[in-house]
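**Q** Protein sequences appear in the order of chains A and G. If you count the first sequence from 1, you need to add 27 to reach the numbering used here. If you count the second sequence from 1, you need to add 27 to reach the numbering used here.
Derived from the structure by calculation, the hints contain no laboratory data. There's no promise every hint is true.
[Stated by the list, open to error] Partial list, computed: chain G residues near chain A (C-beta under 8 Å):
hint, residue
1, A220
2, D224
3, L307
Note that the structure is a prediction, hence the values are computed from the model and not measured. Just so you know, even glycine gets a beta-carbon here, dropped at the ideal spot from N, CA and C.
There are 2 protein chains.
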Amino acid sequence: MPVLRKPYLLFLADVTLPSDAKTGFGLRDWCGADVIGECRLPEGTVSLGLPELRPAEAAAAGAGSLVIGVAVVGGQVPRSWLPVLIEALDHGMDVVSGMHTRLSSFPELVDAAARGGGRLVDVRVTDRVIPTGTGLKRPGRRLLTVGTDCALGKKYTALAITRALQATGTKATFRATGQTGIMIAGDGIAVDAVVADFVAGAAELLSPANDPDHWDVIEGQGALFHPAYAGVTMGLVHGSQPDAIVLCHDPSRQTIEDFPHMPLPPLRVAIDRYLEAARLTNPAVTCVGIAINSSYLSDDEWRRYQVALVEELALPVCDPMRTGVDAITRHLLAHFA
Amino acid sequence: MPVLRKPYLLFLADVTLPSDAKTGFGLRDWCGADVIGECRLPEGTVSLGLPELRPAEAAAAGAGSLVIGVAVVGGQVPRSWLPVLIEALDHGMDVVSGMHTRLSSFPELVDAAARGGGRLVDVRVTDRVIPTGTGLKRPGRRLLTVGTDCALGKKYTALAITRALQATGTKATFRATGQTGIMIAGDGIAVDAVVADFVAGAAELLSPANDPDHWDVIEGQGALFHPAYAGVTMGLVHGSQPDAIVLCHDPSRQTIEDFPHMPLPPLRVAIDRYLEAARLTNPAVTCVGIAINSSYLSDDEWRRYQVALVEELALPVCDPMRTGVDAITRHLLAHFA
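Just chain A, with the same shape it has in the complex:
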């Protein structure tokens, strides 16, 4: 995948549920300065509150890419979206997609890209040659967000920690491992789409050697306790060689999402298992905090939960949405001072 061309026009297609436009909301919230507008089909009803621009208008205003900002069940690109994508390509923009359908499977889009000079970018596909992992230490510091399950805030937490570190004047870069993260960062590798033998190598490539005081903050994927995806998580842990991990958890979940027969481990066990895995390539790894997705808790419930967890684990416990993550970054910077 090439580096993405910003700024973006976000395409919200024909979706009518805000949850189907999660990608668009993520981009608006985390790289808003790179987004100059939104556009949709007549059937679409979801808005991000951004200026409405046709692709031609966005191109005139300097947009580099039209980004498909929706994620619908099945991941297919319907033909009804093509006219808008073609208009963007005809005005020289790239089209960026995280859908399963390859953009290049539509001859009309290939032709329009050739006419306009723009690119068809599928963020789940990487063209880089990915080596196998080496396990060799490289300079620079790395933090990896890990979780008790999928989809409970690992990307959000990594983005929040990156910002919080930068706000203290610390050199920090968010490293994206999934499609929305890649669109936000403009670069990255969708590690779950890599051939299995190369996941650790992809993670090494994603966070290359850097200044000794620079932090790569790497978006985690999957969970070591997930019966389908733990292998991806393991490869990402080994290749990232984290100096620090932050464990993400949603206390409303008792079992892996959609796997009611798979209970989540206690948080202390989860931390120990991640540290044990990470020690293979970085024996000095440590856990610097817990990021809780507490959206199902009242303020009172959250406060009680947080106090109890701090006592149990003797680590900073944040909800990035409620409290920010300063307690975690303070602990991190003190530990690595």
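Assemble chain G onto chain A, guided by the hints.
**A** Okay, now just chain G, sitting in the frame of chain A:
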């Protein structure tokens, strides 16, 4: 990958080192009844001691496939091999390859396959739709060979255990996860070539529901302690849901092969880590023995090593090449009686 068509003619190409014909030796040793001959180029000097047959002669004798029985550095198919492959295809045989070069990348082979009606089979490529893992238990029993490292006898041990079980009248099937194993079994999935998200699902597909007293004996891949491949191993462990594991080890290795900075764990630690990983999808998993590749030990050294290890681990310790694996299968059958 389709089920392979036996019997085989083994193509030894132009290799001059027996180690480059490891695949051919493995096929001769483990499915000799399915191999009717060997053929090579004039430059080749390695023989498996089988009848020498031209592809036309092998086809007349009923051969279903010409199998490329060599593994050379880089994994490329040179053009000098094409005439022999084309002769096989022109006589209606399939050509089977575990090389990195796709057979279908040669138009001459595609044409010859069309003429003869045979198939070009790359065993590292699977055409099956692979689902993600479910973690759901399925009937039948499963044994997985695991290792402290790659390439120290996991395939050999799984094949030996399968034979030993069958010799006792126990229903048992070898399940292949790598290219040579797939050629021996005639079927299987090269799990390291699967997209990372689907490794556990591939392992579930590979050992489907079976009779409650049937054993799938699954060829392990990689190692949990390998900085490049542990993710593949983890997915294979979770999807295989082993009831029993056998740990394979080569006592001449102190570190992961080609990774001198990565020490091997003590065997007790290795067993515990594999059991811990496997418990996610099968809490009742147990270790039933140790398979040692003792080729670097004298008979005296082996006896002392074996006695010490039995004492330390309280498990049967075999070298499949020296002692066979009956001690392991006896222990297995007693445990699961």
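**Q** Decide, hint by hint, whether the structure agrees.
**A** Against the structure, the hints come out as follows:
Contact between A220(G) and chain A, as hinted, is supported at the beta carbon level, the nearest pair being about 6 Å apart and thus within 8 Å. With a cut of 8 Å, the hint placing D224(G) at the interface with chain A holds, because the nearest CB-to-CB distance is about 4 Å. A hinted interface residue such as L307(G) counts as satisfied when its beta carbon comes closer than 8 Å to some beta carbon of chain A; here the least separation is about 6 Å, so the hint holds.
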